[in-house]
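Peer 1: For the record, the sequence lines run as chains A, B, C and D. Position 91 of the first sequence, counting from 1, maps to 91 under this note's numbering, and the rest follow consecutively. Position 107 of the second sequence, counting from 1, maps to 107 under this note's numbering, and the rest follow consecutively. Position 53 of the third sequence, counting from 1, maps to 53 under this note's numbering, and the rest follow consecutively. Position 143 of the fourth sequence, counting from 1, maps to 143 under this note's numbering, and the rest follow consecutively.
Hints listed in this document are in silico derivations from the structure and should not be mistaken for laboratory results. Certain hints may be false.
If chains are identical, the list can't say which one is meant, so a pair holds when it fits in one copy or spans any two.
20 Å max Cα-Cα, derived SDA-like pairs, lysine to any residue [as the list claims (entries may be wrong)]:
#, residue 1, residue 2
1, K131, A111
2, K3, G55
3, K3, D49
4, K131, R107
5, K131, G33
6, K3, V123
7, K3, D121
8, K131, L85
9, K3, K131
10, K3, V143
11, K131, P96
12, K3, L94
13, K131, R110
14, K3, A95
15, K131, R47
16, K3, T129
17, K131, R113
18, K3, E130
There are 4 protein chains.
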Amino acid sequence: MTKPRSPDPDFEARVRHSFAEQRAMALLGASLGAVAPGEIDVILPFRDDLTQQDGFLHAGIVAAVADSACGYAAHSLMPAAARVLSIEFKLNLLAPAVGERLEARGRVIRAGRTITVCRADVVAVTGATEKLVATMTGTMMTVI
Amino acid sequence: MTKPRSPDPDFEARVRHSFAEQRAMALLGASLGAVAPGEIDVILPFRDDLTQQDGFLHAGIVAAVADSACGYAAHSLMPAAARVLSIEFKLNLLAPAVGERLEARGRVIRAGRTITVCRADVVAVTGATEKLVATMTGTMMTVI
Amino acid sequence: MTKPRSPDPDFEARVRHSFAEQRAMALLGASLGAVAPGEIDVILPFRDDLTQQDGFLHAGIVAAVADSACGYAAHSLMPAAARVLSIEFKLNLLAPAVGERLEARGRVIRAGRTITVCRADVVAVTGATEKLVATMTGTMMTVI
Amino acid sequence: MTKPRSPDPDFEARVRHSFAEQRAMALLGASLGAVAPGEIDVILPFRDDLTQQDGFLHAGIVAAVADSACGYAAHSLMPAAARVLSIEFKLNLLAPAVGERLEARGRVIRAGRTITVCRADVVAVTGATEKLVATMTGTMMTVI
Numbered sequence: 001m002t003k004p005r006s007p008d009p010d011f012e013a014r015v016r017h018s019f020a021e022q023r024a025m026a027l028l029g030a031s032l033g034a035v036a037p038g039e040i041d042v043i044l045p046f047r048d049d050l051t052q053q054d055g056f057l058h059a060g061i062v063a064a065v066a067d068s069a070c071g072y073a074a075h076s077l078m079p080a081a082a083r084v085l086s087i088e089f090k091l092n093l094l095a096p097a098v099g100e101r102l103e104a105r106g107r108v109i110r111a112g113r114t115i116t117v118c119r120a121d122v123v124a125v126t127g128a129t130e131k132l133v134a135t136m137t138g139t140m141m142t143v144i
Numbered sequence: 001m002t003k004p005r006s007p008d009p010d011f012e013a014r015v016r017h018s019f020a021e022q023r024a025m026a027l028l029g030a031s032l033g034a035v036a037p038g039e040i041d042v043i044l045p046f047r048d049d050l051t052q053q054d055g056f057l058h059a060g061i062v063a064a065v066a067d068s069a070c071g072y073a074a075h076s077l078m079p080a081a082a083r084v085l086s087i088e089f090k091l092n093l094l095a096p097a098v099g100e101r102l103e104a105r106g107r108v109i110r111a112g113r114t115i116t117v118c119r120a121d122v123v124a125v126t127g128a129t130e131k132l133v134a135t136m137t138g139t140m141m142t143v144i
Numbered sequence: 001m002t003k004p005r006s007p008d009p010d011f012e013a014r015v016r017h018s019f020a021e022q023r024a025m026a027l028l029g030a031s032l033g034a035v036a037p038g039e040i041d042v043i044l045p046f047r048d049d050l051t052q053q054d055g056f057l058h059a060g061i062v063a064a065v066a067d068s069a070c071g072y073a074a075h076s077l078m079p080a081a082a083r084v085l086s087i088e089f090k091l092n093l094l095a096p097a098v099g100e101r102l103e104a105r106g107r108v109i110r111a112g113r114t115i116t117v118c119r120a121d122v123v124a125v126t127g128a129t130e131k132l133v134a135t136m137t138g139t140m141m142t143v144i
Numbered sequence: 001m002t003k004p005r006s007p008d009p010d011f012e013a014r015v016r017h018s019f020a021e022q023r024a025m026a027l028l029g030a031s032l033g034a035v036a037p038g039e040i041d042v043i044l045p046f047r048d049d050l051t052q053q054d055g056f057l058h059a060g061i062v063a064a065v066a067d068s069a070c071g072y073a074a075h076s077l078m079p080a081a082a083r084v085l086s087i088e089f090k091l092n093l094l095a096p097a098v099g100e101r102l103e104a105r106g107r108v109i110r111a112g113r114t115i116t117v118c119r120a121d122v123v124a125v126t127g128a129t130e131k132l133v134a135t136m137t138g139t140m141m142t143v144i
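Generate the whole structure from the sequences, applying the supplied hints.
Peer 2: What follows is the structure, encoded as structure tokens:
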């Protein structure tokens, strides 16, 4: 795919400002990593209070960071005035979500005027080792 | 569908015990509501620190309670020694998640030996009013 | 849910006319059953040439009739000039698709101005017996 | 990802034999393309009798070839005696499915003992031009 471009030269500031307003991300301890047009990383350090009954990160918490990564990947390609809305997403859990931190790598697959489709691969990082633990496909809507 | 039965007479205690070990649910302030064979409700009071940039509950938080409702609905029909694992889920967001609280109503659609498929309707409750805000279909695996 | 109404008094003729233009449905031998606002049934008699390697109806064929049922359920609630487009769907296969015929029962869960979310339960019918063999959740877009 | 290996040296013959038994593929005119461990292509020449009301290939037909590509990608990594079953799949439609032919490229993302997760990108090919028209994520089960 050719590298996408944002119609908004200030897309990075806009994405970072909006992400900072997602209070749920603050509660979970998630932060923005790399921000590029159509490509957003969200970082989540492992914490015991984010786990399910077996001590792995809860699938819903994995979904939360993957959804934010998808949403902002879509948002980064939208006009300055646009808001982004998640219509639906699907998450496949591939391996137990354990490690030092998760990285959810949201990438736009297809950006349309109204509908943008994104994928987020979620990897668990421990030292120099990465393991794919989940993958999301999500549909995002541009709201003007 | 005929009313499902659990092979484990102590399924309710087992479900409540396991749910109490999901530390992520405690962080979000979610609790178990009604527990019946194949039918589990999870309750989430609205809190400002669970929101996304527009002040609605974050889609990932909605996913988290819906996934727990699906997982325990499946778990309630499993043998006493079994663990439950989310393989995948899909969430459609139907309306902004705002209100006094969410109720995620997990219901088993088809219970198999290895694979159980569940649905969770998520309603926002405000006073006597209910509004369907999201619906999940999830696939759960029995691990012995 | 309150019974939905169509903004188009001629919705049934419109749905039947459009369905007749789906040449893929003719190839598979599928036909429209009941047509009501937000509720469309598609009927598929079993045929050996629709099967996969184990002699069950191919999951893609099940998807085809479920998608048409969802699409026309959405279409039935749209204005007369609108076209309907499938954005995405997810199908869970619950039991082998065998029997005299399949019935895919498409129902609108939430109709919006741009986005309509539908569900289709697919049952295999043999004599007086029905068995749920698959369930779809699909997202449809109104195109004007 | 490291290149996957099949536990069955005769996996290609096994896959081709099983595909030939999918009578639905013959009806649609679909055939197997490249077959490698964890990587299966299914080819579908455009035909007017596979279309929906706007003259594009029907989403269900797209799903059918994508599901077969996913299923056999999973199957290629299974032991010789195993059968493969689609548990669920999700298809996002990204662009109108028109062109000389479709190619559904099924790839295994994660192969487990019981559960294998696959992706299939579906491209429309016209001359030397390719366009991504759909993407599927599917969950397949090994049945022994």
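Peer 1: Against this structure, judge whether each hint is valid.
Peer 2: A quick look at each hint next to the structure:
1. K131 with A111: The answer is between: 14 Å across copies meets 20 Å, while 28 Å in one copy does not.
2. K3 with G55: neither (39 Å within a copy, 31 Å between copies)
3. K3 with D49: neither (38 Å within a copy, 35 Å between copies)
4. K131 with R107: This pair counts as both: shortest intra-copy Cα distance 18 Å, inter-copy 18 Å.
5. K131 with G33: Cα proximity of K131 and G33: one copy only (18 Å, versus 30 Å across).
6. K3 with V123: between (23 Å within a copy, 19 Å between copies)
7. K3 with D121: Both: 18 Å inside a copy, 19 Å across copies.
8. K131 with L85: between (29 Å within a copy, 18 Å between copies)
9. K3 with K131: between (26 Å within a copy, 15 Å between copies)
10. K3 with V143: Neither: 23 Å inside a chain and 28 Å across chains, both beyond 20 Å.
11. K131 with P96: Within one copy only: 10 Å inside, 34 Å across.
12. K3 with L94: between (28 Å within a copy, 17 Å between copies)
13. K131 with R110: Answer is between; shortest inter-copy Cα gap is 11 Å, intra-copy 26 Å.
14. K3 with A95: between (30 Å within a copy, 18 Å between copies)
15. K131 with R47: within (18 Å within a copy, 33 Å between copies)
16. K3 with T129: Cα proximity of K3 and T129: across copies only (18 Å, versus 27 Å in one copy).
17. K131 with R113: between (34 Å within a copy, 18 Å between copies)
18. K3 with E130: between (25 Å within a copy, 17 Å between copies)
Of the numbered hints listed earlier, those contradicted by the structure are 2, 3, 10.
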